[in-house]
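Q: Chains A and B are the protein sequences, given in the same order. Start counting the first sequence at 153; every next residue gets the next number (our numbering). Start counting the second sequence at 401; every next residue gets the next number (our numbering).
These are computed hints drawn from the structure, not numbers from a lab. This one's a predicted model, so the numbers in the text were calculated from it and none came from an experiment. Any given hint could turn out to be false.
Per label pair, the in silico range of CB-to-CB distance [unchecked claim]:
{"#": "1", "chain 1": "A", "residue 1": "R361", "chain 2": "B", "residue 2": "A480", "range": "31 to 37 Å"}
{"#": "2", "chain 1": "A", "residue 1": "V231", "chain 2": "B", "residue 2": "T411", "range": "24 to 30 Å"}
{"#": "3", "chain 1": "A", "residue 1": "L242", "chain 2": "B", "residue 2": "G555", "range": "50 to 56 Å"}
{"#": "4", "chain 1": "B", "residue 1": "D475", "chain 2": "A", "residue 2": "V163", "range": "37 to 43 Å"}
{"#": "5", "chain 1": "B", "residue 1": "G636", "chain 2": "A", "residue 2": "V231", "range": "38 to 44 Å"}
{"#": "6", "chain 1": "B", "residue 1": "Y433", "chain 2": "A", "residue 2": "G207", "range": "38 to 44 Å"}
{"#": "7", "chain 1": "A", "residue 1": "F358", "chain 2": "B", "residue 2": "R432", "range": "46 to 52 Å"}
{"#": "8", "chain 1": "A", "residue 1": "V295", "chain 2": "B", "residue 2": "G636", "range": "38 to 44 Å"}
We treat Cβ as the ideally placed atom computed from N, Cα and C, and that holds for glycine.
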Amino acid sequence: MTHWLTVVCFVLLLVTGAEIVISHPRFYWGEVGNVMTRPLFTLPIPASRDTVPTGYHFVMPDQNGWSRYLHFQAAWLAVLTGLFYGVTSLWNGHFRRDLVPARADRSVRAFWNVIAQYIRRVPASDADARSYNVVQRVAYLSVIFVLFPLVIWTGLAMSPAFTSAVPVAASALGGRQSARTIHFFVSGALLFFVVVHVAMVMVSGFGSRMRAMVTGRGVVDKERV
Amino acid sequence: MKSMSRRKMVTTGLAAGAGLAGVGVAARLAERYGLIPPDHRGLYGPGETLTYAAQRILTSHSLAREFPRGMISKDPFANATAPANALFKQHQANGFKDWQMTIDGMVARPMSLSLADLKMFPVRSQITEVACEEGWSYIAEWIGTPLSEVLHAAGALPQARYVAYFSIESDWWESIDMADALHPQTLLTMGMNDGDLPVPFGGPLRLRVSRQLGYKSVKYITRLTVTDSMKNFGKGLGSASPEAGYAWYAGI
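Next comes chain B alone, as it looks inside the complex:
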């Protein structure tokens, strides 16, 4: 213990200093390249940030696994009935003819689209798995308009970093970064397994985010907002999930 003192202390000190500087530089770089999630503060911030940053580096363009038609689950589990919401019930009674989705925030052309308007956009379908944070999962075919098409039509500004999306149920909203918002499998979903999207599965309009867990695929979408920061939304943690104790990033 005695003999190692000075040299060891100097080297240890230098190593610690270099380490701290390294962490500082890494944090700056991570911020610059969009590797810091909105819920990076707090007790679980380090783990959340590591997961988000690592997966963004690894998966920025990768496609969620797609499955053959034969693997579509015959009896999928909806995990919901219809929202107990008077406004929703009105829309449902009306066959969702008057359903509107507004797009605002950092866009050149704010707009409001009906389901018929949305169906004028190019339509894509994909057979992907919905995995719930609880552990269960099912496979279905999802049919809809890529969110990227709508963002292009509205003219999302280059400084946009997140798209926040809101359900007709007021406490249900989420956000994703542009990597997921512009991802070809992120669909404003209106159809499921060759039919209209049933209400328990999010009909008439659900945003499917295929590379994240089911809770990011918010049902009954009425509004999209393009933004460069999540600070002014709710408690500033990125979505309703972290406010309820769940991770904002759910690619796990």
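So that you can see chain A by itself, here it is in the shape it has in the complex:
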């Protein structure tokens, strides 16, 4: 349930975030940045505002208004979903049982072993089909405890009202424009995770994984029968 709400939020945040970026596809470092200052880098796309020099001779349709409304609404839903997931997972031991790597797996070597299995395309064992291996666990934990908090923090650091109450939210990142640039890259990292994640699900059998997710039952036993 929380997974699918998160999927909806992620897609909405990604699409609306891209729309917002299009209105000013230039990125800066520090507190301030505008068309009169030198950008850190510029996306090679036309902008939706004619005040931004992009080198293109046309202006994209401007969809910033509803994109911003929807971006923040989806962000609220994502944060509330995340809080619910976090509290219940602490409560029912999901983090401890399924996501923190088993003691024996807490080594670089165990990590590389799994990577090597992926590369050599060793078929998944029964144990793999029932629980997450160490690479999966590290990936999920990084998304939940590093990327999600960072993307929320950098988002809030762009809010003039929030930073009036919590100035350090922006200053600790080097300023408002740094926060915007980090927000962009963290979103990219999340997109990368989702692409790999979906690719892995495809490889391991889309139909059976989906059945397992919906019913909550492992597929191994059933397929044996």
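Once you've looked at the hints, dock chain B against the given chain A.
A: This is chain B only, laid out in the frame that chain A set:
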């Protein structure tokens, strides 16, 4: 599935009922404490309301970040030239000598002030950042009269909840709640970086709302109206922004 039925249904029903009642009570309380924005209806109303309510609770008295003089942007971006408005051009040719700002609505003493009148009020300056909804920003020093001084002089009535403000450009108007209207950094700005406020930056008169995005800082102000409800202004969504698809509250 079969065995859980009755007890689970009863508890689920009770929880849902309590949840609905909770939402109802929360809505009443939010309305009472002014946590519902004028554009709370519609598809994006829930997100807008959550943002506005959360930030009002968190930031009612906080000050926008101020910066050292050395961080003032040397080459700020104005995002505008002069309004293509015949009346404005007349004022500009005249050096804005006859510029007037009227204050009406829920005030004890409606008045009309020239720029010279406004300069008789206490003057404050602040070095704050203007952040545009597009993503860019700059820092400048802003010099002007706190809106709260003018509201006190006009005698804003206690039931006032919003101040609506209008540009000489007829389709450009906004409103803010009293928390922002009485906020010490909300300035009727006439100066920028130790000089007069240049026309592209909103001169002769711009209302700087430092804790919200740039589009709330309307340029070329000619009128303020104090009111207890935004229902009868435009489409009743609070300002021209939601009518154009943008959030009324831009503290984000």
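Q: Starting from the range 50 to 56 Å, see whether the pair L242/A and G555/B falls in it by beta-carbon distance.
A: Between L242/A and G555/B, where Cβ atoms are some 55 Å apart, the hint holds.
Q: Just to be sure I understand the hint, the distance between the Cβ atoms of V231/A and T411/B should be within 24 to 30 Å; is that true here?
A: Holds, since V231/A and T411/B (Cβ atoms, about 27 Å apart) stay within the stated range.
Q: Assuming the hint says 38 to 44 Å, is it satisfied by the Cβ distance from G636/B to V231/A or not?
A: violated (30 Å)
Q: Assuming the hint says 31 to 37 Å, is it satisfied by the Cβ distance from R361/A to A480/B or not?
A: violated (54 Å)
Q: Look at the Cβ atoms of V295/A and G636/B and judge whether their distance stays inside 38 to 44 Å.
A: holds (42 Å)
Q: Is 37 to 43 Å right for how far apart the beta carbons of D475/B and V163/A are?
A: Check passed, 39 Å falls within 37 to 43 Å.
Q: Falls inside 38 to 44 Å, the C-beta gap from Y433/B to G207/A?
A: violated (50 Å)
Q: Please test the hint of 46 to 52 Å on the beta carbon pair from F358/A and R432/B.
A: The hinted range 46 to 52 Å holds for F358/A and R432/B, with Cβ atoms some 51 Å apart.
When the structure is compared with the earlier hints, violations turn up for hints 1, 5 and 6 and for no others.
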